[in-house]
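Trainee: Those protein sequence lines, which keep their order, are chains A and B.
Going by UniProt numbering, the letters in the first sequence line up with residues 1 to 390, in that order.
Going by UniProt numbering, the letters in the second sequence line up with residues 1 to 508, in that order.
Please note that the accuracy of each hint is not assured.
[What the hints assert, rightly or not] Beyond 10 angstroms from chain B on every Cβ pair, some chain A residues (computed):
| no. | residue |
| --- | --- |
| 1 | Thr32 |
| 2 | Phe104 |
| 3 | Ser165 |
| 4 | Asn196 |
| 5 | Ser206 |
| 6 | Lys214 |
| 7 | Leu244 |
| 8 | Ala272 |
| 9 | Ser278 |
| 10 | Ser362 |
| 11 | Tyr366 |
[Claimed, not checked] One-sided excerpt, in silico: chain B residues whose CB lies under 10 angstroms from chain A:
| no. | residue |
| --- | --- |
| 12 | Asp182 |
| 13 | Arg189 |
| 14 | Leu310 |
| 15 | Glu338 |
| 16 | Ile360 |
| 17 | Asn371 |
| 18 | Leu376 |
| 19 | Phe380 |
| 20 | Lys391 |
| 21 | Gln402 |
| 22 | Lys423 |
Hints in this document: simulated from the structure, not taken from any laboratory.
Glycine included, C-beta positions come from ideal geometry on N, C-alpha and C.
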Amino acid sequence: MDELSKLFRKNIRDYGMFIALAVIFILFTALTGGTFISPNNISNLINQTGYIAVLAAGMTLVIIIRHIDLSVGFLSGFLGAIAAILITNYNIPAIPAIIIVLAFGALIGLIFGFLVAKVGIPSFVVTLAGMISFHGLLLFATQSGGTINITDHFFNQIGNGFIPSFGRIAGLTVSTLVIGLVGILLFIYFQIKERNTKKRYNFEVSPAAFFLAKLVFISAMITALILVLAVNSGISWTLVIVALVIFVFSTLLNKTALGRHIYGIGGNPEAAELSGISVVKVTIYVFVIMEVLTALAGILFASRMQSASPTGGTGFELLAIAGAFIGGCSASGGVGKVTGSLIGALVMASLTNGMDLMGLGSSVQYMIQGLILVLAVVFDIMTRKSRLNS
Amino acid sequence: MGNIDYILEMDNIVKEFPGVKALDGVTFKVKRGEIHCLVGENGAGKSTLMKILSGVYPAGTFSGKIILDSTEQHFNKISDSERAGIAIIYQELALIPELTIYENIFFGHELGKGQFIDWNETIVQAKEMLKRIHVNINPETKIKDVGVGVQQLVEIGKALSKNVKLLILDEPTAALSEVDCDNLFQILRGLKEQGVTCIMISHKLREVISIADSITVLRDGKTIISIDATERKVGESEIIKYMVGREIKDIYPKRKGIKVGDVCFELKNWTAFDPNKGRKILRNIDFYVRQGEVVGIAGLMGAGRTEMALSIFGNTKHYDTKGALYVNGVKRTFNSPERAIAEKIAYVTEDRKGNGLILIQDIKFNTTLANLKQLLKGFFINEHEEVHVAKKFFDEVGIRAQSIEQSVGTLSGGNQQKVSLAKWLFSAPKLLILDEPTRGIDVGAKFEIYTIMNELVKRGVSIIMISSELPEILGMSDRIYVMSDGTMTGVLDAKDATEEKIMEMATA
Chain A
1 MDELSKLFRK
11 NIRDYGMFIA
21 LAVIFILFTA
31 LTGGTFISPN
41 NISNLINQTG
51 YIAVLAAGMT
61 LVIIIRHIDL
71 SVGFLSGFLG
81 AIAAILITNY
91 NIPAIPAIII
101 VLAFGALIGL
111 IFGFLVAKVG
121 IPSFVVTLAG
131 MISFHGLLLF
141 ATQSGGTINI
151 TDHFFNQIGN
161 GFIPSFGRIA
171 GLTVSTLVIG
181 LVGILLFIYF
191 QIKERNTKKR
201 YNFEVSPAAF
211 FLAKLVFISA
221 MITALILVLA
231 VNSGISWTLV
241 IVALVIFVFS
251 TLLNKTALGR
261 HIYGIGGNPE
271 AAELSGISVV
281 KVTIYVFVIM
291 EVLTALAGIL
301 FASRMQSASP
311 TGGTGFELLA
321 IAGAFIGGCS
331 ASGGVGKVTG
341 SLIGALVMAS
351 LTNGMDLMGL
361 GSSVQYMIQG
371 LILVLAVVFD
381 IMTRKSRLNS
Chain B
1 MGNIDYILEM
11 DNIVKEFPGV
21 KALDGVTFKV
31 KRGEIHCLVG
41 ENGAGKSTLM
51 KILSGVYPAG
61 TFSGKIILDS
71 TEQHFNKISD
81 SERAGIAIIY
91 QELALIPELT
101 IYENIFFGHE
111 LGKGQFIDWN
121 ETIVQAKEML
131 KRIHVNINPE
141 TKIKDVGVGV
151 QQLVEIGKAL
161 SKNVKLLILD
171 EPTAALSEVD
181 CDNLFQILRG
191 LKEQGVTCIM
201 ISHKLREVIS
211 IADSITVLRD
221 GKTIISIDAT
231 ERKVGESEII
241 KYMVGREIKD
251 IYPKRKGIKV
261 GDVCFELKNW
271 TAFDPNKGRK
281 ILRNIDFYVR
291 QGEVVGIAGL
301 MGAGRTEMAL
311 SIFGNTKHYD
321 TKGALYVNGV
331 KRTFNSPERA
341 IAEKIAYVTE
351 DRKGNGLILI
361 QDIKFNTTLA
371 NLKQLLKGFF
381 INEHEEVHVA
391 KKFFDEVGIR
401 AQSIEQSVGT
411 LSGGNQQKVS
421 LAKWLFSAPK
431 LLILDEPTRG
441 IDVGAKFEIY
451 TIMNELVKRG
461 VSIIMISSEL
471 PEILGMSDRI
481 YVMSDGTMTG
491 VLDAKDATEE
501 KIMEMATA
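Here chain B stands alone, though its shape is the one from the complex (with noise of 0.2 angstroms):
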């Protein structure tokens, strides 16, 4: 029964939920010891695909056969799939922060006699693990203590010290930086060595075609194609075009006849000091933005890049900040985000459902939240009034959902975004300030995303893009500023950048 050659194969999967068929006769097979990607929009398919490979979907909630190491598998829960071999690492890290990183490691299955932990063989083979996945750091350091990039190891490092056979990484790089990404990969093409195989799933089709030895598109719950790009080069265009159906020609839409103004906003010497981190963040920083202009900030994770919008956008975090900063060359001030949101400026955070929205809450409310002030009649909101400029905006945006009053925890990643960008827009901002726009977003959204920007711009809004995709960077900003541990290292003309060039500053 079934291919020596594969170690997975998923046979016919269908899956269904009230009123949607999820998946509808998947074909997913993985060969031993390779990688293997798996692409496809938000709501293709692929998580739910991989909730049935992992025991989360028990058997016999889906149809299809699942044939592991060449044995048929009814896996009823996430710990029989552990069993066989299978381990899986979502993009939200399931880390403990207070622990160390030995206890992290075998937290679940922990190393001794009885309940009575072994400390001492835990910590030697902690530091074994260590080794194996090319950290360099001692274990009984605090998870909190660590970057991001050394937490998504420490979660492989968990996974293979469970003798992991199958392990599958969902978005793996969505909040590394380059340097983090080109070390995770090479720890992966090392495990292919040791016999792991992986499954990926990512967003980023550059990465997926520096590293994939195969590549399975999956579309509308349907596997679309399967490619071994170990026989022939896959292009990026290629991938598109099977994820979404169509040809997107340029995914960066140009923007033409706009006319850049007067600089609108400005920071000059800014010094911002993080009492709880202890230490600056923001070091004699000159930042201007333009009337109709992209800047893009780009920089690696922690280059300060998310705590200079939020010291400019009412300081929520506290810090002592000296230098000036300028709003159309008056010297401002702003003690609170209500006083930056009256002087026309907009920030849209980098993660949308801690910080940017009420998800319990519907688009109507979502959209309004900011703005309430222009909607009041006396002491009570107009009502009609608010469902005129939700629905306004929701158009205006492009939000597919079944109304202005769907809850925002229930629509996909890039309906959460337009949701934010709606309410931003309402408040009519002058500068709008995007932190990471299309973080795990796929490619049609994201194209609906930049040509909302343009629009804005062509109003003359000004936008301030902070981005770890230099892609999204080069193709989008008029000039890129870079960013490296709290300081400004370079900014570039658009058309001078290359991303060799920005690396290079950000590493500065």
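In isolation and in its complexed conformation, chain A is listed as follows (with noise of 0.2 angstroms):
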């Protein structure tokens, strides 16, 4: 028993983000009597976690080198409604038009890079300034007709579409039990391999019976998740690309050598450059990288909407900061996971959702999202030192 908690205490980090989820799943469910967990809202509340999930994963690479981004709200709004100028207005098919957004993503990750890397102005003021910019260069481009529709069939499939189905069996979609069964297969495999390479290596790993029970509670979570999925309209286009971003981002920061050097700057920028790192080129990587994301997802967001209006993308920066924090990236730098950052936005897309469900007034969502950011870094702090003391 002592050991076990220890054992929780050492991981207090990382096991709270999930309590966190559990509490809010527990809570929307009892008090919108259980509307929050039916299949439906389920599914919905993915497809709303989608445009946060990305923007949280480049969120957390830029707070991992100790630098904030505040303009990915308006930046995913505007570059949504350009997505939707050139698809309308200048009947451009989706695929280019979705390619030039991006594009035009990296160019101001470029700028923004340039900025706070090379000439030495502090990220805060460079994107502070890209908010207040982008949110007028927003109401430009929606100014004529204030909202622009996007008809393009295509495109609207990424943000309301869903993979086909192959049938049905007893109800559920065949594709979605498939890819649920060899996904839990394929975690369960990588799980075993990943602690066996650690015992070869006489690394500490967690007691067996310990490493067992959160196999089967890791499992029996996701076959719920696929069962919820499969009842519906089985997995959505904005699953698929979530999943491929934070696959991509996760084993960036975990196998390559560019991850390396990321975590490297935030744990110490000078003993960095000193070991032979160019903390310019990183940095400049990084936001080309966040603004890259930002662009997708303003077109996720578009596409979900199918249109882009003159509010488009308000408050995301602060769900994408606050998820990358309760999914435990360090206020002071360094420390940080894609896969926390997209659970710590499912946290901040379930209480947007569970708050629309309960018929909250924005003026309330918007008190309680800032708090929760709050009480994440206080969270942050708190531990860290009780890590520092033990």
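Reconstruct the complex from the two isolated chains, following the hints.
Mentor: As structure tokens, then:
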């Protein structure tokens, strides 16, 4: 028991967000009389999380290297509007339009990265200026008709469509079941493989019973999720895109030299520089990645709304930053995981979704979101202190 | 209660941390008006003992008695011990760079009525204080504009302004030049006459012997011995024996049968201008290193030694440099550390925590950071190979830790320094620049680092060693360059060098 509590305390940083998520789920299920947990709403919730999760993934990298990006909300709204204009007003097909928008994001990232890393302006200032400018640009772009409707079927499928079902068994979509099963097996395989590797090197591993409990618990959660999705329309394209983004950037952080350099710079920029790492280059890369992901989030949102409106993207930066902090990014840099930020984004999206279901106005919603952001950072600082003391 | 001759008696102090007994029945007695040096290896319990004395660890978290001025004390917080007349000055100075000297001296106990500060009175009293600590500088100077030596004295002034009876100095000379040290010691002796008792923690045994009235040695959380140095002369080797529990015959191990080869690195007429400071920091430096040689660079603080290393190693401070840099006879310019590393140069920085290591990451991460290229398999880091490499260098430099997954911030100074060495050994350098390689490290770990240096030299590596410790410079170098105010003021063969000659050149 003593060992278990020690283990828990050591990993509280990782479990905290799961606890928060569980509390939110139980709370909203009770407050909405079960609507929150209905298959239809869960499917909806995942698609709402999509664009926040994509932003939170990029924000993770930015926060690790001790920067911040306040512009992602209005930039995603503005880039969504650009996509809408290209498709609706200029009749450009969806795929080229998407590529143009992503490239535009990359260009803005290059400019931000240059201003922050080379010129030496604090990222807070650069992206605050960006936030204000993009708000203006968004209003300018949508000025003529207010909302720009998108009728392109392919484009609208991204935020609203589902992967082909290949029929149903007992009311459940086949493709979802197959993907779910493969997913669980792969998850178990990789977990066991990693544990064995660690053992081989005589690294510390959690006790076998604990490991097994973790496997069973997470597999059960995935199964539950898969069943809920399979009852409904199955796996959405948004979920596929988010999964890809999380996989790519998680791998980038953990397995590549660039990932190491990002953690190194976040931990101690001067030491990283003197280890032969170019802080300027890495910072520019990170901002390019962030703004490309912002463009992607803008596309996801515009597609989901099937339109671009003057208020598109409002407050997304708050949700993404809060998601990253809840997901374990440290306010002082050097620490953070993309997978954690995904959970954090889910927490924030669940809050929005749940409060929407309860019919709470945006005034209350903003207050609660702000409170949650502060709590996440307080939690970060408290757990860091207790870890240093132990 | 208590003996009147002693200002402080700490009796049978036991302090436990989860899993470790940091102090195991320590007894520590300080006589009124003496300078008492506390020595011991890192982890011996010196800092823990001082944290108990200053109230950082409140009463109740340890057992044993603290008797100050014949009264038993129970400090619950730092301000309790300050009120009782104890002040502690840490290695990392607690001054505010953007404030003036007089503001710093009275920071936290400002003079005045209520919330309003009487600035005129403050300046007058600050002037008095500066006279007392022999600082002849305008009190309106900002802290960032004075040297470390003066900053150290201002800290003492700050403590004195609180009517301190017992002054604790933690490694006060670690960052000081010899001249500043002498100055500091003179002031400490002066304080003694004014009735202030001093406890000084130091690793520099020569200084300990020169200034201490009493010496207490701690090892593994126990008091080993308390020596009255006014009664008999104490030798360095005697203290070392008590500190490490065994005799180290020669702290500077000898190198035998090393063949010194051709010149492998050279600076000609090297000049550097620092645009931030608006002045030349290096002037017309001629310097060379031969293969298999240990070249020492001596000099006072601020002589430009670290600046020279930085200007060579990728010039991260963006100095404007003139002159020529040759590696194996080929002229090179390095505009980033990456380029210098590619030419097999490595630089172990002076400030391990500040710009040497990534403290929140583990030993493995730090070991491979400077040479990840060698571990890449396509896009990805080969993690098996990485573990293998980290383990190899972990063993080679003798890091003492639970595993290569322990975070570097939790290691002792000596082990951190070994991680820095491991990191650069993995990049397989031909020229290794060591900047103050043993600062703040205990005797045992020092010896290990010297042994590693000799092993490297045996393999044909050349070493540039910047050091402020003259015995180390004399004990380890083949040739010694001396710098002063940005210029090379001399070069000596180790066999002709003496501390006097070096000091003469360093103050030229």
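Trainee: Against the structure, test the hints numbered earlier, and report the numbers of the ones violated in rising order.
Mentor: 8, 9, 12, 13
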